[in-house]
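S.K.: Each chain, letter by letter, is given below.
Number of protein chains: 2
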Amino acid sequence: MPDMRIKVPGTPETQYEIVIGSDILPSAWAQIKAAHTQYNRFVVTDEHVIAAGHLDALLGGRPAPYFAIKPAGEVSKTIDTAVAIVEAMEKAYLGRDTVVIALGGGTVGDIAGFAAAIFKRGVPVVQIPTTTLAQADSAIGGKTGVDSSVSKNAFGAFWHPAAVYIDVAVVKTLDDRQYRSGLVESVKHGLIADAGYFEFIEGHLDEILARDPDTLEMLARYNCRIKGSVVEEDPFEKNKRRILNYGHTVGHAVEAASDYEMLHGEAVAVGIIAAGLIEIELSLSKPSQLDRIRAIFERLGVPVRVPASMVQEKLIDLMRHDKKAVDQWPRFVLLDRIGQVRCEDGQYAVQVSREVVVNVLKKLR
Amino acid sequence: MPDMRIKVPGTPETQYEIVIGSDILPSAWAQIKAAHTQYNRFVVTDEHVIAAGHLDALLGGRPAPYFAIKPAGEVSKTIDTAVAIVEAMEKAYLGRDTVVIALGGGTVGDIAGFAAAIFKRGVPVVQIPTTTLAQADSAIGGKTGVDSSVSKNAFGAFWHPAAVYIDVAVVKTLDDRQYRSGLVESVKHGLIADAGYFEFIEGHLDEILARDPDTLEMLARYNCRIKGSVVEEDPFEKNKRRILNYGHTVGHAVEAASDYEMLHGEAVAVGIIAAGLIEIELSLSKPSQLDRIRAIFERLGVPVRVPASMVQEKLIDLMRHDKKAVDQWPRFVLLDRIGQVRCEDGQYAVQVSREVVVNVLKKLR
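Those sequence lines, one after another, are chains G and V.
Mapping to our numbering: the first sequence position 87 is 90, numbers consecutive.
Mapping to our numbering: the second sequence position 138 is 141, numbers consecutive.
Calculated from the structure, these hints are not laboratory results.
Hints should not be assumed to be uniformly reliable.
Since the list can't tell identical chains apart, any single copy or any two copies may satisfy a pair.
[What the hints assert, rightly or not] When the alpha-carbon atoms are kept at most 30 Å apart in a straight line, the in silico DSSO-like pairs for lysine-lysine are as follows:
hint, residue 1, residue 2
1, LYS155, LYS10
2, LYS155, LYS243
3, LYS243, LYS36
4, LYS10, LYS366
5, LYS366, LYS289
6, LYS155, LYS94
7, LYS317, LYS365
8, LYS327, LYS36
Throw the hints in and build the complete structure from the sequences for me.
M.R.: And the structure:
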């Protein structure tokens with residue numbers, strides 16, 4: 004007996020601006036203020052970002068309430084931190100007329116974005132990513148989330164930023180390992196969507212490793228264009244957006260098996276090599292293509308093999324628990340060629356037998 | 004230097020079904036299963052609802068994972084409870100293919116709806132309200148939220164239900180105080196939107212107090228139609244939806260000043276009388292109109308005065324902290340006449356001087 008129906012009105016298309024430049028952090032505050040004239044500002048950052056001087060650069064001596072995540076890093080990406088942020092906002096007497104400014108790496112952006120999504124049914128968030136990883140990937144696209152005591156990203160929301168400011172000068176303060184590992188997501192973007200971008204990276208590794216601002220601006224533009232267009236097409240990850248997961252199925256397992264000792268980009272590098280080996284195993288691509296990718300990763304100094312200490316059964320078990328697993332076995336994003344993801348029957352995440360994956364994991368040692 | 008823009012696609016209009024009937028709880032499970040064939044089900048309820056036999060009626064002997072909120076009631080409407088629900092879902096190995104079923108009063112619906120909104124970036128929730136309050140009001144409209152250690156509803160999300168099942172037979176198990184106080188929101192719906200509905204309530208108080216199923220079905224239909232149409236027009240509470248707040252400005256303050264000893268409907272009854280007194284004070288209505296409203300509340304046995312123990316300054320202070328306050332003073336929803344909310348310059352929440360409110364509070368003793 005269907006009795007009544009309540010309409011939930013649709014929402015109109017909106018858009019947000021990504022500002023890219025070198026040394027734009029000092030002018031960002033005034034721009035955010037101008038764009039949100041009726042709003043208070045609340046900054047979420049972490050102790051590393053503060054130590055690097057980026058909070059000072061953003062505030063320029065202005066007083067502003069902020070929350071410093073301690074300790075910095077993945078270990079703080081918990082629901083407890085998100086709750087602490089919301090309670091800090093309340094204690095600062097902030098209401099719905101508040102814009103949250105996420106100043107930091109992927110962890111800061113994920114936590115602050117989630118806190119903004121759930122604070123009094125949602126307030127805007129401006130993302131100011133300060134790592135190569137966050138600038139290439141996590142600051143764009145609207146995925147936010149934190150971990151529970153049981154699993155990763157158990158809590159989350161789709162919460163698109165109101166604006167993104169990418170200051171390529173701030174990555175100068177990153178240590179080498181973090182700087183380099185974050186570039187893996189840029190390589191991934193070339194692989195899944197733009198052979199020209201891949202070749203640009205291949206041809207500019209010296210400038211990239213020297214942290215040349217002009218080259219990094221080019222990377223930022225490529226990254227935002229590629230990730231932006233994928234997200235625009237499939238904001239809620241029904242299908243196409245899955246291509247961003249290239250290298251992440253094995254990558255997530257490797258990252259978890261390392262107890263998060265490996266950085267996300269490092270684990271994804273291994274995962275991309277794994278995907279390449281699967282493609283070779285299935286005769287989808289030639290070893291020479293994988294050699295080109297491996298050569299870039301070796302120049303970046305990121306791993307291209309599974310650490311010897313990692314037990315293969317553990318990796319297999321972790322993959323069975325993959326969030327996107329079907330019947331306890333994940334699907335894989337694979338390439339037809341550089342710049343082109345394979346699509347089978349309209350699906351971008353395809354079946355690969357367990358046997359093939361086991362073989363590939365052996366070759367990854 | 005605006006660099007790039009990312010489009011966030013709009014969402015299409017959707018709709019959800021409200022099923023209204025007597026003794027429909029035993030058939031609801033099969034209907035939910037049929038409507039969400041690929042989904043697992045997870046029930047959130049509380050110990051009172053279980054003791055009243057409603058969980059058994061819903062499950063009909065089928066095994067299903069569930070979470071029982073303990074203790075039942077407002078005191079458990081916290082972020083900790085929402086976190087515990089999400090972690091219980093994870094421990095039951097549930098994923099994004101899960102529909103949350105909220106079986107209970109307003110508190111259960113608010114907590115379970117919020118947990119569904121944040122579990123793995125959001126899963127559907129079906130609301131099965133079991134109190135007169137939740138059936139008239141909170142189960143419809145998509146507002147969800149929980150309290151922080153600092154304030155009420157600090158955490159929240161707009162998360163529309165996938166369906167609502169209103170079984171008017173389940174309210175038979177409510178104690179008299181809870182049953183009667185929940186009816187105040189039905190009276191409010193008549194006052195703000197439909198003089199005919201108000202007269203229907205006036206003319207059927209015997210049947211209503213006898214919990215006659217046919218009369219309660221009529222109430223449910225009126226309530227859903229009125230609240231549904233307001234929510235459809237203004238889902239995110241930009242303006243029109245504020246009319247649902249009639250009686251709530253003073254009501255929320257009274258509820259808080261009682262340390263939540265007063266039930267929500269009881270406090271709103273006092274708040275509706277306060278709004279009526281403001282209308283008289285401003286010569287917007289005649290005392291005879293307020294007498295009709297007061298007569299209904301007296302039959303329902305809900306309070307029409309502020310308790311003598313309640314300090315006026317405390318009420319004023321609480322109103323200054325009203326969520327919708329502007330310059331630390333709330334706006335009020337007022338009536339032009341029964342069935343018609345006053346609209347000034349296109350705004351449904353209007354300015355009332357502090358002096359008028361202070362006078363009215365004195366008369367409310």
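S.K.: Could you place LYS155 and LYS10 in one of the four classes (within, between, both, neither) given a Cα distance threshold of 30 Å?
M.R.: Result: close only across copies, 28 Å inter versus 34 Å intra.
S.K.: What label fits LYS10 with LYS366 when the C-alpha limit is 30 Å: within, between, both, or neither?
M.R.: neither (55 Å within a copy, 42 Å between copies)
S.K.: Can you tell me if LYS327 and LYS36 fall within 30 Å by alpha carbon in one copy, between copies, both or neither?
M.R.: between (40 Å within a copy, 22 Å between copies)
S.K.: Within a copy, between copies, both or neither: where do LYS317 and LYS365 come within 30 Å Cα-Cα?
M.R.: within (13 Å within a copy, 71 Å between copies)
S.K.: At most 30 Å between alpha carbons: which applies to LYS155 and LYS94, within, between, both or neither?
M.R.: Both. Shortest intra-copy (28 Å) and inter-copy (13 Å) distances satisfy the 30 Å Cα cut-off.
S.K.: At most 30 Å between CA atoms: does that hold for LYS243 and LYS36 within a copy, between copies, both, or neither?
M.R.: Classified as between; 29 Å across copies, 35 Å inside a copy.
S.K.: Using 30 Å as the alpha carbon limit, work out where LYS366 and LYS289 are close: within a copy, between copies, both or neither.
M.R.: within (16 Å within a copy, 86 Å between copies)
S.K.: Between copies, within a copy, both or neither: which fits LYS155 and LYS243 at Cα up to 30 Å?
M.R.: within (23 Å within a copy, 40 Å between copies)
In summary, the one numbered hint that this structure violates is 4.
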